[in-house]
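S.K.: Based on the sequences and whatever the hints tell you, model everything.
Residues 9 to 133 (our numbering) make up the sequence shown, in order.
No lab work stands behind these hints, which were simulated from the structure alone.
One or more hints might be untrue.
[Stated by the list, open to error] Pairwise CB distance ranges (calculated):
#1 I26 - N75: 14 to 22 angstroms
#2 G86 - K50: 17 to 25 angstroms
#3 H102 - F15: 28 to 36 angstroms
#4 F15 - N56: 33 to 41 angstroms
#5 K84 - Q11: 31 to 39 angstroms
#6 E20 - A49: 35 to 43 angstroms
#7 H94 - E20: 27 to 35 angstroms
#8 K13 - D77: 30 to 38 angstroms
All residues carry an ideal CB built from backbone N, CA and C; glycine is no exception.
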Amino acid sequence: MSQSKIFTSVDEAEIEDIGGGLKRQMLGYNHELMAVKIWFAKGAIGYNHAHRHSQVTYVVEGEFHFNIDGVTKILKPGDSCMIPPHADHGATCHTGGILIDTFSPAREDFVEEGAFDHIHNKENS
Numbered sequence: 009m010s011q012s013k014i015f016t017s018v019d020e021a022e023i024e025d026i027g028g029g030l031k032r033q034m035l036g037y038n039h040e041l042m043a044v045k046i047w048f049a050k051g052a053i054g055y056n057h058a059h060r061h062s063q064v065t066y067v068v069e070g071e072f073h074f075n076i077d078g079v080t081k082i083l084k085p086g087d088s089c090m091i092p093p094h095a096d097h098g099a100t101c102h103t104g105g106i107l108i109d110t111f112s113p114a115r116e117d118f119v120e121e122g123a124f125d126h127i128h129n130k131e132n133s
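M.R.: Rendered as structure tokens:
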């Protein structure tokens with residue numbers, strides 16, 4: 009599968025427990041773009057990490073302490089941040105909350121193995 013369904017019902021999209029008080033739901037993706045809903049339990053931590061993808065995160069609910077390349081800001085509902093490729097970043101949520109993360113290109117590690125193989129094969133031809 010190289011992309012998600014065109015329309016996704018909240019009742020159909022699987023919510024995956026990814027541990028540490030975090031849950032993830034795929035909203036839609038193809039090889040160029042991905043949108044994901046993330047739930048943080050009260051006190052949950054999204055540990056600092058970096059990846060090659062551009063990321064825009066929108067705060068739906070809760071208060072998040074975001075650290076991006078050593079700069080920490082408090083984000084509340086309606087706020088957003090843009091995380092450049094390879095930037096070290098993470099977030100903590102003392103209140104519990106919900107984020108919408110978008111990635112470009114899509115995070116291949118979030119979907120089943122081989123989902124984008126046909127794209128890489130075309131690019132490497």
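S.K.: Decide, hint by hint, whether the structure agrees.
M.R.: Okay, the hints, checked on the actual structure:
About 20 angstroms separates the C-beta atoms of I26 and N75, a value consistent with the hinted range of 14 to 22 angstroms. Range check, G86 to K50: Cβ separation about 20 angstroms, and the 17 to 25 angstroms hint holds. Restraint check, H102 to F15: a C-beta distance of roughly 35 angstroms satisfies the suggested window 28 to 36 angstroms. Between F15 and N56 the CB atoms are about 35 angstroms apart, so this pair conforms to the stated range of 33 to 41 angstroms.
In this structure the hint that K84 and Q11 lie 31 to 39 angstroms apart at CB holds, the actual value being about 33 angstroms. A beta carbon spacing of about 24 angstroms between E20 and A49 contradicts the range 35 to 43 angstroms that was offered as a hint. Here the CB-CB span from H94 to E20 is close to 34 angstroms, well matched to the stated 27 to 35 angstroms. In this structure, K13 and D77 meet the distance hint of 30 to 38 angstroms, their C-beta atoms being roughly 35 angstroms apart.
When held up to the earlier numbered hints, the structure conflicts with hint 6 and nothing else.
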